[in-house]
Amino acid sequence: MATEHKHSIGTTGRDYSTLQAWEDACPANLVTADEYYLGECYNDSEFTAALVISGETTDATRYIKLTVAAGQSFQDHADVRTNSLCYNQSNGVGVSVSVSWGQVFLIQCNYVKISRLQIRNTGTDFGKGVYSQGTYTTIEDCIVDVAVAGIAYYAVSSNAAGTLIVNPVIVMRGAGNGIYLESSTLVGAIIIKPSDVTPSGTGIIQEYNSTKILSSVILGFTTATAIATDNGSGYNATDLASGLPGSTANVYNVTYNQTTPFVDADKDSFDARAIAATALAAAGYRDSTNAPNDISGTARADPPTIGAWELAAAGSAIKTIFDLAKASVKTVNDLAIASVKSWAGLE
Amino acid sequence: MSELLIRIVDRGGVDLPRGYGDSKAGDVVAICPDGWAWSQDELTNERWRIVRVGLTEVECMNLIAVGDGDPNTQPCWKRKCCIGFASLPTALRNQLTRARTEPIINLTSKVAQVRTAVILKAPRT
Chain A
1 MATEHKHSIG TTGRDYSTLQ AWEDACPANL VTADEYYLGE CYNDSEFTAA
51 LVISGETTDA TRYIKLTVAA GQSFQDHADV RTNSLCYNQS NGVGVSVSVS
101 WGQVFLIQCN YVKISRLQIR NTGTDFGKGV YSQGTYTTIE DCIVDVAVAG
151 IAYYAVSSNA AGTLIVNPVI VMRGAGNGIY LESSTLVGAI IIKPSDVTPS
201 GTGIIQEYNS TKILSSVILG FTTATAIATD NGSGYNATDL ASGLPGSTAN
251 VYNVTYNQTT PFVDADKDSF DARAIAATAL AAAGYRDSTN APNDISGTAR
301 ADPPTIGAWE LAAAGSAIKT IFDLAKASVK TVNDLAIASV KSWAGLE
Chain B
1 MSELLIRIVD RGGVDLPRGY GDSKAGDVVA ICPDGWAWSQ DELTNERWRI
51 VRVGLTEVEC MNLIAVGDGD PNTQPCWKRK CCIGFASLPT ALRNQLTRAR
101 TEPIINLTSK VAQVRTAVIL KAPRT
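For the protein sequence lines, the chains are A and B, in the order given. Here the first sequence is numbered in this note's numbering, starting from 1 and rising by one per residue. Here the second sequence is numbered in this note's numbering, starting from 1 and rising by one per residue.
Simulated from the structure, these hints should not be mistaken for laboratory data. These figures come from a predicted structure and were not determined experimentally. Check each hint, because a few of them may be wrong.
Stated by the list, open to error - Across the chosen pairs, the derived CB separations fall in these ranges:
| # | chain 1 | residue 1 | chain 2 | residue 2 | range |
| --- | --- | --- | --- | --- | --- |
| 1 | B | A112 | A | T229 | 23 to 33 Å |
| 2 | B | N94 | A | E4 | 30 to 40 Å |
| 3 | A | D34 | B | A37 | 53 to 63 Å |
| 4 | A | T12 | B | D34 | 35 to 45 Å |
| 5 | B | P33 | A | A277 | 17 to 27 Å |
| 6 | B | Q74 | A | A161 | 40 to 50 Å |
| 7 | A | A70 | B | V9 | 31 to 41 Å |
| 8 | B | V9 | A | T229 | 39 to 49 Å |
| 9 | B | G84 | A | A161 | 35 to 45 Å |
For glycine and all other residues, C-beta sits at the position ideal for the given N, C-alpha and C.
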């Protein structure tokens with residue numbers, strides 16, 4: 001069994017003060033070292049330099065994972081359910097870089113996992129948030145906010161097999177596209193152009209191999225998706241009248257403006273938390289393997305809200321005592337975890 | 001003014017035939033403002049040196065830029081430029097590559113020599 005090789009990253013007495021130094025200190029061959037390499041970021045200050053991960057030899061169990069230490073992510077914030085769902089480094093670890101003709105994270109080796117991070121690129125030409133060319137990249141519970149203006153490009157791009165992206169909030173503030181995929185699975189995504197940005201571009205583009213897209217919402221683009229080969233997509237939503245892959249339970253013509261279906265979709269006051277009573281509510285697909293929780297760590301209802309944000313706390317999905325197991329509530333004492341405070345709360 | 005974290009030996013990893021390569025001697029890993037709170041490992045790791053030198057912002061950005069080229073079709077460098085140790089005067093080269101005796105090497109008076117040693121790498125083949 002591979003040994004964990006863990007380091008802290010931050011500017012207050014951590015193992016490394018920059019992301020790139022952490023990466024550069026990684027053993028070149030994790031397979032022969034029989035280690036997996038874990039970086040845990042601390043929110044001592046905003047990270048302001050880009051990261052390149054390349055040169056390492058990895059496999060499925062000897063991988064590289066960059067995540068956020070316990071209590072340091074926007075996901076861990078005490079007010080995660082009431083904070084705006086947008087890039088905000090005061091809520092948790094953030095990486096904000098201005099890179100034109102480049103990207104914040106460039107992933108060139110296989111089996112790299114990124115989670116619980118906020119990533120922003122304020123560069124305006126050909127800038128990207130995350131660009132992966134390694135196979136089996138995993139991106140989980142991340143906010144990616146990109147400002148590309150004038151030139152069509154992508155907020156997130158992955159052109160290698162086996163990519164898994166779960167619960168991302170991908171904000172494209174400029175003329176670019178949302179995300180480029182190949183042979184990937186995308187679950188619970190919000191891919192959005194703010195409501196006060198002129199619609200343009202394509203939400204999701206896939207040209208080679210096949211892609212499965214589940215329970216994701218694409219808003220503010222002129223084309224929802226351009227998918228060459230679908231692999232079982234469904235339960236997705238868009239404000240457009242057509243263009244979603246698959247034929248199962250897709251939702252078209254979602255009302256999209258500043259206050260629907262999210263709290264605030266304008267670029268300067270952005271908040272991608274879903275609001276009640278919209279077409280996204282209880283219309284998604286619960287992927288209990290890849291996405292049992294939403295981006296805030298709240299258990300998904302069944303059926304869940306489409307997108308990264310689960311509208312209701314798990315407790316509201318509990319209608320009977322027998323439903324308690326679905327919310328992982330095993331005892332009466334656990335009821336608080338599911339935000340059910342009283343027996344009356346089960347109704 | 002800025003402080004550069006420089007790798008002084010190749011890491012020995014994979015140079016993809018298409019895509020970016022591994023970290024090489026002379027590559028600048030990170031650039032931080034003067035007085036940066038470097039970690040203990042960064043200050044003592046034998047594979048790295050930290051130098052304080054007054055390069056311009058544009059020069060710094062070049063040193064941490066990824067290599068040119070299309071990584072989908074051709075080999076590219078992880079860093080476009082590097083500090084060419086062979087281009088440094090012997091005394092300065094020795095100061096950088098000998099066993100690490102000082103956490104931060106002050107080269108503010110030798111910026112011209114450092115600048116001369118910055119190399120735009122030839123395309124990888």
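Hint by hint, here is what the structure shows:
Evaluation of the 23 to 33 Å hint for A112(B) and T229(A) yields a failure: the beta carbon distance comes to about 57 Å. For N94(B) and E4(A), the hinted distance range of 30 to 40 Å is satisfied, since their beta carbons lie about 38 Å from each other. Checked against the hint of 53 to 63 Å, the C-beta distance between D34(A) and A37(B) comes to roughly 33 Å, which is inconsistent with it. The hinted range of 35 to 45 Å is not satisfied by T12(A) and D34(B), whose Cβ atoms lie roughly 18 Å apart.
Between P33(B) and A277(A) the beta carbons are some 50 Å apart, a value that contradicts the proposed interval 17 to 27 Å. Evaluation of the 40 to 50 Å hint for Q74(B) and A161(A) yields a failure: the beta carbon distance comes to about 20 Å. At roughly 35 Å, the beta carbons of A70(A) and V9(B) sit within the given window of 31 to 41 Å. Separated by about 45 Å at the C-beta atoms, V9(B) and T229(A) satisfy the suggested range of 39 to 49 Å.
A hinted range of 35 to 45 Å for the beta carbons of G84(B) and A161(A) is consistent with their spacing of about 38 Å.
Figure legend: structure checked against the earlier numbered hints; hints not met, in rising order: 1, 3, 4, 5 and 6.
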